[in-house]
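Now for the letters of each chain:
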Amino acid sequence: MTLTDFPSAIGRRALVIVAALGHFTAFFIDLLRNTPSGLRRFYLTILQVQAIGNRSLSIIAASGAAVGLVLALQGYNVLSRYGQAESLGVLVALSLVRELGPVLTALLFAGRAGTSLTAEIGLMKAGEQLAAMEMMAVDPRVRVLAPRFVAGIISMPLLGAIFSMVGVMAAYVVGVMMIGVDQGQFWSQMQDGVDVVKDVGNGVVKTVVFGIATTFIALYIGYESKATPEGVALATTQTVVVSSLSVLFLDFILTALMFSKP
Amino acid sequence: MGKKQTETLVGAFVLLGMLAVLFLALKAANLASFSFGATYPLLARFDNVGGLKVGAPVKSAGVAVGRIASISFDNKTFQGLVTMDIERHYAFPTDTSAKILTAGLLGDQYLGLDPGGEDKNLQSGDTIKMAQSAVILENLIGQLLYSKAAESPSKEGTGKK
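Protein sequence lines, in the order shown, are assigned to chains A and B.
All residue numbers for the first sequence refer to the working numbering, where the first residue is 1 and numbers rise by one.
All residue numbers for the second sequence refer to the working numbering, where the first residue is 1 and numbers rise by one.
Hints listed in this document are in silico derivations from the structure and should not be mistaken for laboratory results.
Mixed in with the good hints, there may be bad ones.
[Claimed, not checked] Think about it this way: if two alpha-carbon atoms lie no more than 25 Å apart in a straight line, the pair counts; the simulated DMTMM-like pairs of lysine to aspartate or glutamate are: (1) 27(B) <-> 139(A); (2) 59(B) <-> 192(A); (3) 198(A) <-> 126(B); (4) 99(B) <-> 47(B); (5) 53(B) <-> 195(A); (6) 53(B) <-> 182(A); (7) 53(B) <-> 151(B); (8) 3(B) <-> 86(A); (9) 27(B) <-> 195(A); (10) 3(B) <-> 195(A).
[To be verified] To give an idea of the chain B side of the interface with chain A (calculated C-beta under 8 Å), a few residues: (11) 7; (12) 13; (13) 14; (14) 28; (15) 29; (16) 65; (17) 135.
Please read all numbers here as calculations on a predicted model, not as lab measurements.
Cβ atoms here follow ideal geometry from the backbone N, Cα and C, with glycine treated the same way.
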């Protein structure tokens with residue numbers, strides 16, 4: 001072992017990372033370019049919305065309700081200490097619409113829909129279905145990836161909005177019906193504090209960005225997975241880890257961009 | 001599952017999502033109360049605008065009649081220049097006074113308009129002559145301390161000295 005081994009090992013590793021990033025970006029642009037032709041058979045996309053969106057509906061709604069219930073209870077505990085229990089509505093609505101709705105939906109989406117996308121595509125690759133498609137001059141990016149990508153982008157904002165709506169309703173049930181916060185104050189404070197463009201609009205923008213990120217990461221990792229049972233298992237794990245982390249970091253960047261100005 | 005059924009289910013899902021966005025926009029953020037009606041600008045100069053923010057409500061008799069459009073510094077008079085957009089169907093006499101008020105003890109600041117008794121009304125772009133600055137808590141405490149300091153020697157000065 002010579003002295004130069006260590007620096008060159010670092011260099012080699014860095015080159016691998018840069019190359020992987022380049023491959024990732026090239027794949028993304030390639031997929032974007034193939035998306036319009038993938039939309040020509042729109043029924044494929046509808047089928048994927050059914051698989052990704054409709055089937056995630058129950059877990060999203062249940063989680064939204066649970067988060068809304070807990071937020072209302074905990075928020076009431078603190079707010080009532082300062083005699084501000086009426087601000088419960090705006091507290092719950094703002095935290096749901098701005099942060100919890102988009103982020104938790106994206107995390108659940110990565111776990112519920114992202115993994116199934118990765119496993120499906122990984123198994124297609126392991127079963128050489130993708131190779132077979134290429135033999136028949138059918139581009140698997142157009143036939144398989146593009147409809148799933150579009151379906152993810154369509155489903156995520158809708159799921160995020162449903163999450164926030166169910167959360168607000170659950171907070172209403174706990175806050176107004178069970179604890180007894182004044183109903184008029186609950187809604188009017190919320191309507192005073194929540195802005196359509198700044199809060200609701202930015203929340204929707206967040207979910208769209210998260211939808212693109214989680215869906216694309218799931219598709220990419222599935223498509224690039226090793227065509228073995230272990231490879232597919234590893235890819236599924238990677239999808240959850242990578243997309244969850246990217247959602248959290250993207251959320252920080254987006255929040256800094258959207259809400260840092262007074 | 002048939003094609004028709006899948007499409008119906010997906011349609012229901014998309015509809016539910018749209019409804020959720022609509023709910024958030026209307027019920028949580030109250031888009032409906034946004035006034036898209038025509039407004040006219042009025043100006044007012046304050047020695048100190050305090051914590052007044054752009055977008056804060058302009059109220060008269062406690063009713064919102066407009067919003068703060070912009071706050072800038074007038075380098076000629078060295079005052080804060082506040083521009084407010086008043087809804088077109090509200091008119092105020094020329095001797096209306098403006099003051100910066102606080103909602104509650106620690107709440108946000110808003111602009112209050114007290115109408116006067118003149119026959120003529122303020123026109124678009126007019127300046128409100130009487131403008132009372134925001135109450136700055138530090139100044140208030142300072143005044144209190146000064147007045148206390150001024151009266152204390154007369155009361156206990158004889159004994160201590």
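Consistency of the hints with the structure:
Restraint check for residue 27(B) and residue 139(A): the C-alpha separation of about 46 Å exceeds 25 Å, so the hint is violated. At most 25 Å may separate the alpha-carbon atoms for a hinted pair to count; residue 59(B) and residue 192(A) meet this at roughly 15 Å. For the hint linking residue 198(A) to residue 126(B), the alpha-carbon distance of about 31 Å lies beyond 25 Å, and the restraint is violated. Using a Cα cut-off of 25 Å, the hinted pair residue 99(B) and residue 47(B) holds, with the two alpha carbons roughly 11 Å apart.
In summary, the hint linking residue 53(B) to residue 195(A) is supported, as the alpha carbons are separated by about 15 Å, within the 25 Å threshold. Restraint check for residue 53(B) and residue 182(A): the C-alpha separation of about 28 Å exceeds 25 Å, so the hint is violated. Distance restraint check for residue 53(B) and residue 151(B): the Cα-Cα separation of roughly 38 Å exceeds the 25 Å cut-off, and the hinted pair is therefore not satisfied. Taking the CA atoms of residue 3(B) and residue 86(A), the gap is near 48 Å; set against the 25 Å cutoff, the hint is violated.
Restraint check for residue 27(B) and residue 195(A): the C-alpha separation of about 11 Å stays at or below 25 Å, so the hint holds. A threshold of 25 Å between alpha carbons decides the hint, and for residue 3(B) with residue 195(A) the separation of about 40 Å lies outside it, so the pair is violated. Below 8 Å, beta-carbon pairs count as interface contacts, and residue 7(B) has one with chain A at about 6 Å; its hint therefore holds. The beta carbon of residue 13(B) is positioned within 8 Å of a beta carbon in chain A (closest approach about 5 Å), and the interface hint is therefore held.
The criterion of a C-beta within 8 Å of any C-beta in chain A is met by residue 14(B), whose closest approach is roughly 6 Å, and the hint holds. For residue 28(B), the interface hint holds, since its Cβ comes within 8 Å of a Cβ in chain A; the closest pair sits about 5 Å apart. Hint on residue 29(B) holds. Least Cβ distance to chain A is approximately 4 Å, under the 8 Å limit. This hint is violated: residue 65(B) has a C-beta 16 Å from the nearest C-beta of chain A, more than the 8 Å allowed.
Taking 8 Å as the C-beta cut-off, the interface hint given for residue 135(B) is violated, the closest approach to chain A being about 21 Å.
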